[in-house]
Every structure is written in structure tokens, then in C-alpha cells.
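Peer 1: These are the residues of each chain, in order.
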Amino acid sequence: MASVIESKKACAVNPLKMSQPLGATLAFLGLDACMPVMHGSQGCTSFGLVLLVRHFKEAIPLQTTAMNEVTSILGGYDNLEAALINIRSRAAPKVIAICSTGLTETKGDDVEGYLVTARKRKPELADTEIIYVSTPDYVGGFEDGYQHAISAIVRTLVKPLPVNPQQVTLLPGSYLSPADIDELREIIEAFGLSVIVLPDISGSLDGHIPPDWRGTTLGGTTLEQIRTAGASAYTLGVGEQTREGAQTLLDIAGTPFEIFERLTGLEVNDRLLQKLAQISGQAVPAKYRRQRSQLLDAMLDSHFYTGGIKVAIAAEPDLLLAVGSVLVDMGAELHCCVSTTKSAAHALLPAQQVILGDLEDLELGAADCDLLITHSHGRQAAQRLNKPLLRIGFPVFDRIGNAHRRMVGYRGTMDLVFEVANLMLDHVEHHHPGDWPLSPEALQAAASVATLETV
Amino acid sequence: MSASLKAKIADVFDEPGCEINQGKSDKDRKKGCTKQLAPGAAAGGCAFDGAKIALQPVADVAHLVHGPIACEGNSWDNRHSASSGPQIYRTGFTTDINELDVIYGGEKRLFKSIREILDKYNPPAVFVYQTCVTALVGDDIEAVCQRATAKFGKPIIPVNAPGFAGPKNLGNKLGAEALLDYVIGTVEPEFTTPYDINIIGEYNLVGELWQVKPLLDALGIRILSTICGDGRYNEIASAHRAKVNMMVCSKSMINIATKMEQRWGIPYFEGSFYGIGDMSDTLRQIAKLLVKQGAPDDLLLRTEQLIAVEEARAWQRIAHYKQRLTGKRVLLITGGVKSWSVVAALQEAGMEIVGTSIKKSTKEDKEKIKEIMGDDAHMIDNMTPREMYAMLRDARADIMLSGGRSQFVALKARMPWLDINQERYHPYGGYEGMVGLVHEIDRAIFNPVWQQVRIPAPWGDDGETLGAVSANGSA
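Chains as they are written, first to last, in the numbering used here: chain A, 12 to 466; chain B, 77 to 551.
Hint data in this document are derived by calculation from the structure and do not stem from the laboratory.
Be aware that a few hints might be false.
[Unchecked claim] Pulled from the structure, derived: some chain B residues nowhere near chain A, Cβ distances all over 10 Å:
1. Pro162
2. Asp177
3. Arg185
4. Gln222
5. Leu375
6. Ile383
7. Gln399
8. Glu440
9. Glu443
10. Glu447
11. Asp457
12. Asn523
[Unchecked claim] When the alpha-carbon atoms are kept at most 35 Å apart in a straight line, the in silico DSBU-like pairs for lysine-lysine are as follows:
13. Lys353/A with Lys184/B
14. Lys68/A with Lys404/B
15. Lys321/A with Lys84/B
16. Lys19/A with Lys404/B
17. Lys188/B with Lys398/A
18. Lys188/B with Lys404/B
Small disclaimer: the values here were computed from a predicted structure and weren't measured.
From the three backbone atoms N, C-alpha and C, an ideal C-beta is built for every residue, glycine too.
Whenever a hint applies, use it, and build me the whole structure from the sequences.
Peer 2: What follows is the structure, encoded as C-alpha cells:
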């Protein structure tokens, strides 16, 4: 429904957007025993690493090809080969996942070609899978990088297999937390289905204490599982950003798919459960009937605080749709919507318009709003405007427990609805005796008759 | 890389203090002393990162990053050097270039961006940062800045330190060069005093500078400018009228101190605000140099009196902790000046240093560590996370002090950790900060949570019992 307005500004102020390689990296972090690599200068990796660490509060395996000024000009083959060999010998990952950056794309490095050469020249890499995705910094954003990374994983590793009718593949959007993924897995398994989650950050970034120190990711989708995805009877995608991956699975393995534009909210979850009942031939478990009823009650209890509020929200397209739609379901009005990049999701958003812009646009549009919703960088604007801020998406660096925040399924929707309502409750206006003063005219009128006559 | 940048880097490396340079032939010296990074085994920031870190604390200017979204979108709002006033330095500005800018060049977009910033925010100056992609396609930010300065009548300062030029440390220096080339010496201060100093390479993290400033105020010493913690454009522009320069982080911007000495004859010294003894030495040095530069010599006596009072007070406040912390072992993973200034501080609290990293330390830093720690100096050149983890797991240290990125090495080994780098929440400057540091270490080590997290699962599936901890969970 929303029309998309592209910002005319030359200068982005307080950027909302993050880069494609960073999004691709998040996807790669959901693979087991993986080492993601950014093919670029050291800083490209370092910035992304800091954000990931601060959001997840976990050690993040992430490497760089450490391009310098000379190798940037001459081409990065030597650096790439050296990186592969160094990583192979130091961390021994099962998968090395490479994404390009603005620097190496501008130069025009042919990484796919490089990899063919490296495979030939370095037989010691034979036991390591290598995935590559092209992610120039100056095109698209975080969600685009994540999306392309999923397709790259599928293209590289999935082969068609005889169909297992009890197995489905779940493609989670980049904004789903480890807890969200666990929630969806639990729902799918409750129907007696087995599920391959691709990629699965719930194994690697869910905050647990491993018995030993490892240089690679600590869990996630295993190589075995990815290969088995070729046998799935169905693909379920969460968010428009998973469409490309689902399409690639269809092209390669012939797996039919459905993309759920969001899984936060009542109706979409009804649709999911119906779909799962169809695929599995089983009735919806009693547990979810009860959760649904709880969600209805939660929405009733919360609507007093969300009804009629004006919301300013800035997020990546799919997250914007998920959170924005639920708020509209709860009676709120999306007054100012800002997003990062073009997406089919914007067409579904129940708002007048979406600006592809930055947090300056959010701040300007939020002046007469009651609630700000965006990532942690929005806290400066919220402070200046003295308004409540709901932190969503990535990065949320000034809150802990992000991995365990849940907003999908009936339960997750309930969590989110409560969070918003409680935030609004915190900011309920308290009135004071002086809040309703009389007008000077009224005061004057009440003061004395003589004054009135002189007016 | 442009010829001017190449010359600039060569110039930056013409550094009398650099031990690597001193040992080289003239020809090799020209190549500079950056280490080649190992692809697939490198970590840390780039030159752009370094330049931005060095200059971002100038609080009243707009910092505009000319490049694709990664450079600013992934990094802004990440470190907080506190400001006592303006907040514009915390606003992220970037040209966020697209494919067409890569093909046709982004200079027009840059120029328009500068105009938009001046129209909307009206800062006294704009700093423009070069990045890899825009450098590679040949955008001439110097020319754009020159044109913008002429057109808008405000200083628009190019900071030419694209990421691929080298590591973070080089970027610090290139950022400093931008100040030397375009800022320092361009404004005259309203008045001067015989007590004017600059503080260089101090970033006022968590307001640390303000733990020190009252000491200087009490002595009548005026901070003419700080480069760059809580810095202001016009103060830095008039920094050339100071009597003395103090270098705090000696490796990051030493070129400012050496060049200001060459150009305006301002003597400098390297000091530290960390540790009680170091803080006192710093005050003495400032007083001594100011007197040498013509300040009345009663300053020396007043300084000693202040030191006596402050030291006594700090010792008294630390005594309480010293008793509890004596014998506790510290693993210190940090860089440069902190690897020795903090060592001294911890020893003052009775703690034992089982290792200190020297990865980013200069020859002088290493000498100082040896001097402080004697023959037992456990200098660690380049410790891998796995080695740190093993050391903590085996309880060969009671606490690790490091930056945020290696915190999980300690936490996963279920050992106390304290942040002493840029993302920390507690200030550790001066006498005041030292008491604070010891307090935080005490709080970390004696937190009952460590006993809790070391209790092995009764069913025994979370790895072996940890290090020095017995089965009943006592530390």
C-alpha cells in the first residue's frame, strides 16, 4: 500500500543502513564450523565485527583478505589465496564463506575465477567448502547481502535428492533472532516434521558457553544438513528477502515454496499453522490453540496503550513490515516510515509512504509522534525528542539479551505487543494541578468588574 | 593512491622516534614501516578508522565520510569521547555513494553534501574523510574541499586516509597531518598566558580528561586546546600559541608534537594520566617545562604541594582494596602506552602482572615495562585467543583486562574481565580514576557470580570441571 519515496539528499545523516557484506556475513555465521571472510581492506571487516560483537555479545569469527593499496590495484588473487591457506591451517573450518566489498568490486576482482585457480594450485583446500557471494558496499544494504548469501549457499552446496515428504526447509529472514528461529523450529517439529534451517544462527549466536575455545562458528546449519535440503518437500521463507533463496531451491531441487511476508501477528501465524497442517497431514496441536487464545487476550489488554498512537519507524524492509503491521493491527498509525532499500515488502506496508532514507528523516518525521522504533542508533534522536524508543533490528548494542528476544509465532507476537504497551505505559502522561490553566481573558473576567469595563 | 598521499605517508614515517626506522638504510626508510598484514589472519581497523578515531573527538565540527555505506553505516556512533558541549560530532554524515558515483565519480555528491551540512547544521568546519572506493575511482577530496572552502567561507578540511593505505595507527597519524596542514596555526587565540598547554592524543573517553582538568585548573594551568578529546575547532586552530605540548597516547599522534616543535618551538613530553606515580610525574613535567618557557617558578612548589595532598588521599582510598587484591594475578591485553602505564597502576594496588601485551608498543614502551616489572616482565608479543583462553581456563590469572573484542575469551572461560579500552563505561584518569580502576577490579573479582557459573552441571555434560575451581564451587 505504501508508496516509496527515494531521498533526494546527497548526504546521508545518521545512517540507518548497513552494508551488504555485513548482511552476508550474518548469514554465513549461521553455518556450522564456518569462517566468513570479507574480501577487502582490514577496516571493512573490523567495523562489521565490532557491530556483531556488540549486538550478540559473542566472539565472532570473521576474517579479512587485508587488501592494501598495491594489491587493490594489482588485483587480490594473492591475498585471497593466502587468506584461504591461512584460515585453513589456523582454524580448520569446514566452510570458508567469502563476500566481496566495495573496494574489490570497484577494482573488479573476479573472485569466482580466483577460486577456480586457487583450487587447482592448492590441493590442501580440497577438504574445505568455499562459498562466494558478490556484495558491493555501494549497492543495496544489509538485507540484500543476506539474501544473496543464502542463494550463494544453496547454489554452491545443494543438489537435487529424492523427496522426503516429512522434511521442510526453513529460510529465516535476517532480522530473526536465535530465539525466533528456535520458536519456529519448535512449531514445525510439533507437526512431526523435520526441519532444516538455512542459515541457522540459533546454534552459533544464541549465547552459550562451549566446553572449549573454537576459532570458527560454534554451531549452525551443518554441511550435511545443507546438502540434505535437496530432499525437502517444501520451503518456508520468512520475509521477502528469502524469496531469492527459495527460488534457487526450486530451480535446483524442484522444491515448492511459500514466502510468509512476516510471522509476527495473528493472521500470518494462522496461515503458517494451516500450511504446516497441510504439509504434515496433522491437526494443529492443542498447545498452539491455547497460545493463540493467549495472544488474543494480550492484544486486548494492550490495545489501550497502542490504540491511536502515532509511530515513527525506521528499519530494513522486512522488519519494517513485520513490526509496522502488528502495530497497525493494534490500532497504531504509521506516521513516518523509513527504510534502507527497495523491496516488494514495501507494497504490503499499511502506511501512506516509505522513505528510503536515514535517521535524520526519521527524526524530522517523528516530531509529532508518540513512539520511535529503530535500532540503537535511534537513541540520540529519541533523547533529543524526549520520546520512548523501541529498539529493534540490528544493531542493538545498548541492550543485552538480544539473542533471546522473540517476536515470531503467537508467543513472540505476544512478547512484542507487551513490550510496546509497557513502553507506552512508562510514558503515560501524569497530570498536575496546574495542567489546565484558565485563559488570561477568563482570569481577567473573573478578577473584577471594573477591569472588564475598561476592555 | 595520489602522489600527495604517498608523500604524506613517507613524511609521516620520517619519524625520529620510530625504532624500526632508525635501524634502516635511507632507501628502506622511504618505504615506511607499516607491517604487511597477513590475509586471513589479520584483525583490527584500517587507516580510515584510525583517522576517524583520532579526529572524531573534535566535538563541534561535522565529520563527513565520503564513501559507500560500509565505512560510516557500519561504524558510526561506536565510541564515545565525551563532549562538554556540542554534540554534532556524534551525528553520522556520509555520502553513501552508489554505483553511478563509482562509475562517474562522487565529487559532485561530496560537494553537495558539504553544502547540505552547512545549510542544515552550520558547524564551524567540516572534516571530509576519504575512503578506499572513492580513492580508487580517483575522487580528489582535496580539490573539492578547497573549492568548498572558497565557496562557503568555512574551513572544509580533507582527511586523506583511505582504508587500504595501511593500518589504524597510520590513520591516526594521517588524521594528525590533516590538522597540521589545514587547522593548527590558522586562528589566533583571544589572549595567551604563561600557563598555556595543549594535550595531544587524549580522547576524553568516558570523560577521563575531566578527572585531570581540575588538577591543572587548581595550579592555574590553562588547557589551550585538546587534540582531540572534547576538542573545539577554533581552540585547535590556535594551538600553536601554547607554551608546552603534552603527548598522551605517544604512538598515535606524535607527528603533531614533533612538527609543532619544529614550526613554533613548542617543547613536548610524553606522559600518562594512568597510575598515581605517572600522574604525579606528568604534573611535574608540565610545571617544569612551563617554568622553563618563562612561567613563574613558584609553580614548581605549588605542584609538589598539590601532588603530596592528592597522592596521600589516593593511597588512603586504595589501601582498603590493596589488602584484598594483593597477590591477585592480572593478564593485561592492551596496546601502546597502556601496556606500561596500567602495569604501574596495578602494582600500586598490590596485584601481580602475569602478562602484558606488547603488540602495539614502541621500543620505549617496552623499556618502560622492563623498568617497572624487572626481569620478570612477561611481555606477550602476539597471543592468540586460544592461548588466552587456555591461560584463563587453567586459572593462571585471576582477571583479564582488555578491549571489548576479546572479552568473551575470558567470559567463556568463566573468568573475570574488565574493559580498559574504548568501549568501557568507567573513567580511569588521574588519581581519581586510579581509585576507580581498583574499585572496578575488586568488584569484578569478588562478584559472587563467578562461583555460580563455575558450578559444574550435576549430570556432567558441560565439559570438565574448570581450572582452579573445586567441585563445591569455591573460588
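Peer 1: Indicate, hint by hint, whether the structure satisfies it.
Peer 2: Hints, verified against the model:
1. Every Cβ of chain A is farther than 10 Å from the Cβ of Pro162/B; the closest lies at roughly 13 Å, confirming the non-interface assignment.
2. Listed as a non-interface residue, Asp177/B fails to keep its Cβ farther than 10 Å from every Cβ of chain A; the least gap is roughly 7 Å.
3. Under the 10 Å C-beta cut-off, the non-interface status given to Arg185/B relative to chain A is violated; the minimum distance is some 5 Å.
4. With a minimum CB-CB distance of about 19 Å to chain A, Gln222/B clears the 10 Å threshold, and the non-interface call stands.
5. With a cut of 10 Å on Cβ distances, Leu375/B stays outside the contact zone with chain A, its closest approach being about 42 Å.
6. The claim that Ile383/B is not at the interface with chain A holds, since no C-beta of that chain comes within 10 Å of its own (minimum 39 Å).
7. Distance to chain A confirms Gln399/B as a non-interface residue, since its nearest Cβ pair spans about 32 Å, more than 10 Å.
8. Every Cβ of chain A is farther than 10 Å from the Cβ of Glu440/B; the closest lies at roughly 26 Å, confirming the non-interface assignment.
9. With a cut of 10 Å on Cβ distances, Glu443/B stays outside the contact zone with chain A, its closest approach being about 29 Å.
10. Non-interface status of Glu447/B relative to chain A is upheld: no Cβ of that chain comes within 10 Å, the nearest being about 33 Å off.
11. For Asp457/B, the condition that its CB be more than 10 Å from all CB atoms of chain A holds, with the nearest at approximately 17 Å.
12. Distance to chain A confirms Asn523/B as a non-interface residue, since its nearest Cβ pair spans about 16 Å, more than 10 Å.
13. Of the pairs offered as hints, the one joining Lys353/A and Lys184/B holds, with about 24 Å between alpha carbons and a cut-off of 35 Å not exceeded.
14. Of the pairs offered as hints, the one joining Lys68/A and Lys404/B holds, with about 27 Å between alpha carbons and a cut-off of 35 Å not exceeded.
15. A distance of roughly 53 Å separates the Cα atoms of Lys321/A and Lys84/B; the hinted pair therefore is violated under the 35 Å criterion.
16. Of the pairs offered as hints, the one joining Lys19/A and Lys404/B is violated, with about 59 Å between alpha carbons and a cut-off of 35 Å exceeded.
17. For the given pair, Lys188/B sits about 32 Å from Lys398/A by alpha-carbon distance, which is consistent with the 35 Å threshold.
18. This hinted pair does not check out: Lys188/B and Lys404/B have alpha carbons roughly 58 Å apart, beyond 35 Å.
Checked against the numbered hints above, the structure breaks hints 2, 3, 15, 16 and 18 and satisfies the rest.
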